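Protein chains: 2
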Amino acid sequence: MQRPENIAGQELAGEVLAPYLHAQAGEFLRSLRLHREAGPDNHSSEEAARALRAAARRISGTLHTFRPLLDPEWADRLRAELAWLSGTLAGEHSCSARLTRLLDALHRLSGPGVPAPRGDAGTLTVGAARAGALLERQLTLARTRAHSAALQALGSSRFHAVADAVALLASEVPLASAAAAHACEVLTPAALEAEGRLDRAVAALPLARAAHPYNAEALVQESESQDSPWHQVRLLLRLHRYAQEVLHHGLGEQDSPERLIAAGRALDRHRDAAEAASAASAAARTPRIAPATAYALGVLHADQRHDVEAARFAFQRVWQPVAVTAAPPAATAAP
Amino acid sequence: MQRPENIAGQELAGEVLAPYLHAQAGEFLRSLRLHREAGPDNHSSEEAARALRAAARRISGTLHTFRPLLDPEWADRLRAELAWLSGTLAGEHSCSARLTRLLDALHRLSGPGVPAPRGDAGTLTVGAARAGALLERQLTLARTRAHSAALQALGSSRFHAVADAVALLASEVPLASAAAAHACEVLTPAALEAEGRLDRAVAALPLARAAHPYNAEALVQESESQDSPWHQVRLLLRLHRYAQEVLHHGLGEQDSPERLIAAGRALDRHRDAAEAASAASAAARTPRIAPATAYALGVLHADQRHDVEAARFAFQRVWQPVAVTAAPPAATAAP
Numbered sequence: 001m002q003r004p005e006n007i008a009g010q011e012l013a014g015e016v017l018a019p020y021l022h023a024q025a026g027e028f029l030r031s032l033r034l035h036r037e038a039g040p041d042n043h044s045s046e047e048a049a050r051a052l053r054a055a056a057r058r059i060s061g062t063l064h065t066f067r068p069l070l071d072p073e074w075a076d077r078l079r080a081e082l083a084w085l086s087g088t089l090a091g092e093h094s095c096s097a098r099l100t101r102l103l104d105a106l107h108r109l110s111g112p113g114v115p116a117p118r119g120d121a122g123t124l125t126v127g128a129a130r131a132g133a134l135l136e137r138q139l140t141l142a143r144t145r146a147h148s149a150a151l152q153a154l155g156s157s158r159f160h161a162v163a164d165a166v167a168l169l170a171s172e173v174p175l176a177s178a179a180a181a182h183a184c185e186v187l188t189p190a191a192l193e194a195e196g197r198l199d200r201a202v203a204a205l206p207l208a209r210a211a212h213p214y215n216a217e218a219l220v221q222e223s224e225s226q227d228s229p230w231h232q233v234r235l236l237l238r239l240h241r242y243a244q245e246v247l248h249h250g251l252g253e254q255d256s257p258e259r260l261i262a263a264g265r266a267l268d269r270h271r272d273a274a275e276a277a278s279a280a281s282a283a284a285r286t287p288r289i290a291p292a293t294a295y296a297l298g299v300l301h302a303d304q305r306h307d308v309e310a311a312r313f314a315f316q317r318v319w320q321p322v323a324v325t326a327a328p329p330a331a332t333a334a335p
Numbered sequence: 001m002q003r004p005e006n007i008a009g010q011e012l013a014g015e016v017l018a019p020y021l022h023a024q025a026g027e028f029l030r031s032l033r034l035h036r037e038a039g040p041d042n043h044s045s046e047e048a049a050r051a052l053r054a055a056a057r058r059i060s061g062t063l064h065t066f067r068p069l070l071d072p073e074w075a076d077r078l079r080a081e082l083a084w085l086s087g088t089l090a091g092e093h094s095c096s097a098r099l100t101r102l103l104d105a106l107h108r109l110s111g112p113g114v115p116a117p118r119g120d121a122g123t124l125t126v127g128a129a130r131a132g133a134l135l136e137r138q139l140t141l142a143r144t145r146a147h148s149a150a151l152q153a154l155g156s157s158r159f160h161a162v163a164d165a166v167a168l169l170a171s172e173v174p175l176a177s178a179a180a181a182h183a184c185e186v187l188t189p190a191a192l193e194a195e196g197r198l199d200r201a202v203a204a205l206p207l208a209r210a211a212h213p214y215n216a217e218a219l220v221q222e223s224e225s226q227d228s229p230w231h232q233v234r235l236l237l238r239l240h241r242y243a244q245e246v247l248h249h250g251l252g253e254q255d256s257p258e259r260l261i262a263a264g265r266a267l268d269r270h271r272d273a274a275e276a277a278s279a280a281s282a283a284a285r286t287p288r289i290a291p292a293t294a295y296a297l298g299v300l301h302a303d304q305r306h307d308v309e310a311a312r313f314a315f316q317r318v319w320q321p322v323a324v325t326a327a328p329p330a331a332t333a334a335p
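The listed protein sequences correspond, in order, to chains A and B. Under the numbering used here, the first sequence has 116 at position 116, and the numbering climbs by one with no breaks. Under the numbering used here, the second sequence has 171 at position 171, and the numbering climbs by one with no breaks.
These are calculated hints, taken from the structure and not from any lab test. For clarity, every value in this text was computed on a predicted model and none was experimentally measured. Beta carbons: idealized from backbone N, C-alpha and C, even for Gly. Incorrect hints may have been included.
Below, a sample of chain A positions facing chain B; criterion: calculated Cβ distance under 10 Å [claimed, not checked]:
id: 1; residue: H64
id: 2; residue: P68
id: 3; residue: R79
id: 4; residue: A83
id: 5; residue: G111
id: 6; residue: G132
id: 7; residue: L205
id: 8; residue: R209
id: 9; residue: P213
id: 10; residue: A292
id: 11; residue: T293
My request is simple: use the sequences and hints to build the entire structure.
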C-alpha cells in the first residue's frame with residue numbers, strides 16, 4: 001500500500017486529533033475560570049461566556065466530524081451535554097444582541113432625530129418609540145429569564161459533570177482504534193466528508209435568486225419557513241471550519257481562510273436578522289397595543305426580513321463571486 | 001460664419017419644430033375623439049386618456065424646451081392649461097394603478113395562499129386582508145372623486161378652450177423670429193441645454209450609494225423627503241427624451257434609445273413605489289384600525305420603500321452600468 005507523503009499524513013490520526021481537543025478543552029476550562037472570577041453582569045463575564053461557548057462548539061463539532069476515530073458512546077454523550085450547556089449559556093447573549101439589533105434598526109428607521117415633518121414620517125415616529133419600549137420590555141424579561149437559567153445551570157451537578165468530562169479531555173482523549181491509522185487515511189477523509197456535506201447543502205440553496213439584488217423573496221410570508229436550509233448551511237460551514245482547524249492545528253496555521261470567515265459572518269447575519277424579524281412579529285401579537293406601535297413593528301419586521309435577503313446576497317457574493325458580475329444594461333432594460 | 005453640414009442643421013428651426021407640434025396636436029385631438037367615442041369606464045377609454053396625456057406631455061415639454069423659438073406668452077399659457085388638464089386626467093388612472101400595486105404587494109407578501117402556519121405568518125395573514133380592504137375603500141373613493149373631477153373638467157369651457165388651442169396648433173404654430181434661424185443654431189442648442197439640465201441633476205443624485213444593493217437608505221424616514229431629486233430627474237429625463245424626438249422627428253427616427261426608455265421606466269417605478277408607500281402610511285393613520293391592520297400596513301410601507309430603493313438601483317445600473325461590476329469578495333468580506 002502506498003504511504004502518504006504529506007506532513008499531516010505521516011502522523012497518526014490520534015496524534016493530530018488529540019492535541020486539538022486538548023487545546024480546546026484547555027480553552028474551555030480557562031474561560032470557565034475567567035467567567036467565575038469575573039462575577040456576574042459585566043463585560044469580562046460576557047467575554048468569558050463567549051469564549052466558553054466557542055470552545056464548547058469546537059469540541060462538539062470535532063466529536064461530530066471525527067466520531068469514527070473516537071469512542072462513539074462517550075462522544076455522543078459529551079456532545080449532547082455540550083449542546084445543552086451552549087444553548088443555556090447562549091440565551092442571555094442572544095436576547096441582548098437581538099434587542100440591540102432591533103433598537104438600532106428602529107433608531108435608523110425613524111431617522112436622525114430631526115423634528116418629524118408632517119406626512120409619512122409622523123406615523124413611524126409615534127410608533128417607533130412605543131415599539132422600542134415594548135421590545136425592550138419583552139426582550140429584557142427574556143434575557144433575565146435566560147440569565148437565571150444560565151446561573152442555575154452553572155450551579156447544577158449536570159454542569160459539574162460536563163466540566164469534569166472536559167477536564168479529563170484536556171489530558172486524555174478516548175480514541176477508537178481507527179485513530180491509530182495514518183491521518184491521511186482516516187482524518188482527512190472525515191474532514192472531506194464534512195466539506196462534502198457543506199457543498200451539497202450550499203448547492204441546494206437558491207443562490208441564483210439570492211444573486212439578484214432586491215428579489216424581495218425574503219419578505220414573502222411563506223419564505224420565512226425557507227430560512228432553515230440557510231441555517232443548516234451555517235452549521236455545516238462551522239463544522240467544516242472546525243474540521244479544517246483540526247487538520248491544520250499541528251501545522252501552526254490557526255486562522256480559517258478569509259472566505260470561510262466572511263461566509264460565516266453573512267450566515268450569522270442571516271440568522272440574527274431572521275430571529276430579530278420574528279421577535280418584531282411576536283411583539284406585534286401583544287394584546288391591546290396601539291395601531292401606531294403595530295405599524296412600527298410591521299416596518300421593523302420588513303426591515304429585518306430585508307436584511308435576511310441582504311445577508312443571502314452577501315453570502316452568495318462571497319461564495320461564488322463570479323456569478324455577481326453585473327448583467328449588461330440591456331437585460332435590465334428588458335420589460 | 002460657418003454653415004452647418006448635417007442634415008437637420010440645413011433646415012430652419014421652425015421647419016423641424018412645427019411638424020412635430022402638428023403631429024402631437026393631431027394625436028391629442030385623435031385621442032380626444034376616441035375618448036369621447038369610447039364612453040365611460042372601459043379599456044378603450046383608458047387607452048385614449050393615456051394617449052391624450054402622452055400627447056399633452058409632449059406638447060408641453062416641447063413648449064418648455066424650445067420656448068425661445070415660440071411666442072413665449074402663448075407657450076406659457078398653453079403649458080399651464082395642459083398641465084391642469086394632464087393632472088386632472090391622470091388622477092383616476094394613478095389611483096387605480098396605486099391600488100393594483102398595493103393589492104399585488106399584499107398578495108405577494110402574504111404568500112401563495114397556503115394555510116398559514118403558526119408563528120410569524122399568522123400576524124400578517126390576519127392584517128393583510130383587512131389592510132387590503134381598507135386600501136381598496138380609500139383608493140376607490142379617491143378614484144371615484146378623480147373620475148368625477150375628470151368628467152367635470154372634460155365638460156368645462158376651460159377644457160374646450162384648451163382643445164381649441166390644440167386644434168389651432170395642429171395646423172399653425174406661433175413661432176418666434178428665432179425659429180427662422182437654422183436648426184443647428186437654435187434648435188440643437190436648446191435640446192442640448194435640456195440634456196445638460198438632466199446630466200447635472202443626475203450628477204447630483206447619490207448614485208454611488210444606489211449602486212450598493214441593500215443599502216437600506218430608502219427605508220430611513222428622513223430619506224423619504226429625499227425622493228424629490230429623483231422625481232425631478234424623472235421629469236428632466238422626459239423633457240430630454242421629447243427634445244430628442246423633436247430633433248429626430250424629421251429624420252423618421254421615432255424611437256428613443258433603449259437606455260432612455262429603461263431609465264425612464266426605473267424612475268416611473270421609483271415614483272409609483274414612493275406614492276404607494278405614502279398611501280400605505282396614510283391608511284395606517286386611519287383612526288380606530290386594528291393593530292393587525294396597522295402591522296400589515298407597516299410591512300407594506302416598508303416593502304414599497306424597498307422597491308423605491310430597488311428602482312434607484314435599477315436606474316443607476318441603466319445609467320452607469322460600469323459602476324455596478326461586483327466588488328471583489330475581499331471587499332465584501334471586510335468587517
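Outcome of the hint check:
1. Annotation: interface hint on H64(A) violated; nearest CB of chain B at approximately 27 Å, more than 10 Å.
2. This hint is violated: P68(A) has a C-beta 33 Å from the nearest C-beta of chain B, more than the 10 Å allowed.
3. Taking 10 Å as the C-beta contact cut-off toward chain B, the hint placing R79(A) at the interface is violated, the least distance being around 28 Å.
4. Taken as an interface hint, A83(A) does not check out: its beta carbon lies about 23 Å from the nearest beta carbon of chain B, beyond 10 Å.
5. Restraint check, G111(A) versus chain B: the minimum CB separation of about 4 Å is within 10 Å; hint holds.
6. With 10 Å as the threshold, the beta carbon of G132(A) stays out of range of chain B, its nearest partner Cβ sitting at about 14 Å, so the hint is violated.
7. The beta carbon of L205(A) comes no nearer than 17 Å to any beta carbon in chain B, farther than 10 Å, and the hint placing it at the interface is violated.
8. Taking 10 Å as the C-beta cut-off, the interface hint given for R209(A) is violated, the closest approach to chain B being about 14 Å.
9. Annotation: interface hint on P213(A) holds; nearest CB of chain B at approximately 3 Å, less than 10 Å.
10. The criterion of a C-beta within 10 Å of any C-beta in chain B is met by A292(A), whose closest approach is roughly 7 Å, and the hint holds.
11. At a threshold of 10 Å, the smallest CB-CB gap from T293(A) to chain B is about 7 Å, leaving the interface hint in force.
When held up to the earlier numbered hints, the structure conflicts with 1, 2, 3, 4, 6, 7 and 8 and fits the remainder.
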